[in-house]
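Model the full assembly from the supplied sequences, consistent with the hints where possible.
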Amino acid sequence: MVSPGQTLLELLRDELGLTGAKKGCDGGECGACVVLINGQPVNSCLVLACDLDGDAVVTIEGLAGEDSRVIMESFVEAGAVQCGFCSPGMVLAAKALLDEKPDPTPEDVAGALVGHLCRCTGYLRTVEAVRLAARSLAGRRGRGVAAKRGCADCREI
Amino acid sequence: MDKVSGKLAFTADLKMAGMLHGRVLRSPHAHARILGIDCSKARKLTGVRAVITGLDSPLPHYSVAGQPVLDEQLLATEKVHYIGDEVAVVAAVDPDTAAEALELIRVEYEELPAVFDPRQAMLPGAPLVHPGQESNIPHRLEFRRGDIEKGFAESAVIVEETFETPLQYHGYLEPHAAVAGWDAGDRLTLWIPMQSPTLGRMTYARALGIGEDQVRIIQMPMGGAFGGKLEYRLHVLCALLARAAGQPVKMVNSREEDFQAGLPRVPMQMRIRLGVRRDGALAAKETEIIADSGAYVNYAHGIMLSASHRHDNLYRIQNIHTRAFLVYTNKVPTGCFRGFGNPQIHFAYESILDLAAAKLGLDPAELRLLNSSQPGDFTPHGWKLHSCGLSDCIRQSVEGSGWKEKRSAPPSSGRFARGIGLACCLHVSGNRTFLPFFDGASSFIRINGQGKATVFVGETDLGQGARTTFAQIAAHELGVDPKDVTVSYVDTEISPHGLGTFGDRATTLGGNAVRLAAIDARQKLFEIAAGELGADQGDLDVSEGVIFSQADPKKSITVAQAAKLGWARLAGGLVTGHGVYTPPDVSMVDPKTKYGNISCAYPFAAQVAEVEVDRLTGRVRIINMVAAHDLGKTINPLLAEGQVQGAVAQGIGYALMEDMGVRDGRVINRSFGSYNMPRIMDMPPLNSILVESDDPNGPYGAKGLAEPALTPTAPAIANAIYHAVGVRIKELPITPEKVLAALREKDQI
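Chains as they are written, first to last, in the numbering used here: chain A, 1 to 157; chain B, 1001 to 1749.
Source of the hints: derived by calculation from the structure; they are not laboratory data. The C-beta atom is built at its ideal place from N, Cα and C for all residues, glycine as well. Mixed in with the good hints there might be a few duds.
As the list claims (entries may be wrong) - Only some residues are given here: those of chain B computed to face chain A with a beta carbon under 8 Å: (1) Lys-1003; (2) Val-1004; (3) Glu-1174; (4) Gly-1223; (5) Gly-1224; (6) Ser-1254; (7) Gly-1646; (8) Ser-1671; (9) Phe-1672; (10) Arg-1679; (11) Ile-1680; (12) Met-1681.
Stated by the list, open to error - Derived EDC-like pairs (lysine to aspartate or glutamate); straight-line CA-CA distance at most 16 Å: (13) B/Lys-1007 - A/Glu-73; (14) B/Lys-1359 - B/Glu-1160; (15) B/Lys-1404 - B/Glu-1366; (16) B/Lys-1483 - A/Glu-77; (17) B/Lys-1730 - B/Glu-1745; (18) B/Lys-1592 - B/Glu-1142; (19) B/Lys-1564 - B/Glu-1532; (20) B/Lys-1554 - B/Asp-1536; (21) B/Lys-1015 - A/Asp-14; (22) B/Lys-1359 - B/Glu-1161; (23) B/Lys-1555 - B/Asp-1541; (24) B/Lys-1015 - A/Glu-15.
Laid out in structure tokens, this is it:
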């Protein structure tokens, strides 16, 4: 099923029908293809599918838990979604950031998203979205609502 | 939510039974004659289903949107005109096979002398890019207003400078893509991210030599457009392959291809000579523009026209003389990009205004306020400014940025110097001159038995939220929740004829049509409700999905109930409202004089940029931006501000960072690694101020916003740099190298 030259991005899109990861540049420069590999955001266009063995890959389709939903809703509410092409990659990167830093500063957010190009929004709302998500998630945890961190929040195929 | 969750399918995500993958073979030469093409090996490769070249069968010459010079062919026949020009296309069972097939096609070229500089291309004896024409100048214009000699004679100060703006790549995250399929009866369906399905249908039918009714365009969600997704050859090439192969074909540009063969912003060289009277009134303006069309005209003639005259309506100026030339070069064809000529000319105009202000000893904001167009103005070009919030924009952006203190702050002599600059602009809300025989918008709205409405309109959503705005307008008039309104994507089979989204027309024209359709639907619902409730139609009102009698509010039925009754009485036909909006009192420009009121509403804007210049490295850092935009009426503040923020980001890129780097006709910066678009850390704090001047024509007073929002950014930054360190950079992008060179030159004087 996996051919030697096939990137993870191609495997996901062409073989597995998971088209949430987008081919924006195929060169690791735009972030639209980002997925989480073992919890870390990675440009899937730069990974050969056959290099993965026993690694946990999470795509946007795998973010099905409540925490992920909060993050996605924060993006929408903050007005950080226009055409939406860059959004799945950004959401995954935001998830990874918030899993590691539940209370990120604007600098933390910028650092986490510098590899993500967006031509529509001008990014200001993206920073707000991530911080809004952080506050909402903290609120949920504060209320004792079950908060799963990391891959436990994800749905497996 | 569809977008953030990755569920929304873009064109490249589509899969169809038997779908093939197409690729384009592009010219490696800027200018060459085709001596022969050998596809035999490619055709024999296993998995290849179609190979087409321009030599296989006659391909008609065509142009886009009725532009009179038919300089385009789908595939090169005699010559290639730029590096990237389409020579052959292949369709194969998978992308790798298609790529391999391209390698097997042998093209024999005879290289020809090429022209890359429009000034060179204009000279008699220059190599002709299109030999069927007399020269490399397919379009030129000249017009005069008032008395220019008198104007200069009255001027206390005359300034003259030449400015240059470069190619700018749209940088939409979604590269160009298309899926094409033919039915057994010779009808084509195109699934494409397309800003104007209507215009596309016209152009593509002509390019394919078939009837318009044989072309169906289904608009796909767009991953950004900004003007770059109007007519595009890939769409038709995909159709050719699908017809030859008898199977659907998908084609997607690689990012590199998209850089090489997209339709980037028209570069311009602009010389302006401006005369200003002692009292600060603008007295005379002489302008010469040389616009670089690249290998084909595409929309560049309209962009040149826009750059030639729109800015003259920003301030009150009577004496004008303008000449403009559109010139072919053997480079990537240039086309529409947000602003449509305005970013180019406003960079020049707003820069030279500051030069004049400095010579006169006037504050730049004062100079502009003195000359600002006012509501009710009838300009020398025949524009009727029913609403004009320009003065408010200037005042509010000036107030919001600490202008007074910062302008009068003592200049710093240290390594870092701060400065503040202002620039203004205007735009249209829809442009009558785009298509001679059609303008306006229409819409119809259907209401089902659950009280939910579907809106059909011809103006497309590019991702900016037009569908949300239309839903809001419809919901407002129907008295229902916007969540109960769906706006359909454009499908030329179903949607009403509409020009699409460009020219800043969607909210004003599309929005008005939706408004009228919703009012019509509401009337029909009231008719039904009146009968049911035994009330007078004129007595009814609707709110939150309930139609009630104002005299006796207990008499009520829901919108859903009324719709269901209507459906029953219409033998299954849903309650449907129709709306047609033709902007009043607009006209084409006179072909000679370019005089004419081309739009029913004009938005205005002013932006203030505060910068810090590092004298050691030449780097310019933007500390703060204040953007004041007169959009008539804010229908959705979140979307409106989103447009301002996104546009300012593009403006910052245009001003400081983005350079396609063309050398000998080759685009050197063909990836996001070398073509620097603003990233998250490049954005300064931005304060958007929405000024409402309540236009009488716009829906609820609304005018366009999204296009002008990027126009003032570059000149505001240039003016701020001038204030900070006293150097005037006249060529974009303003790179650190240019700043350092200018500083060095200044120090030597």
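Margin query: Run through the hints listed earlier and report the numbers of any the structure violates, in increasing order.
Written below: Hints that this structure does not satisfy do not exist here, as all of them hold.
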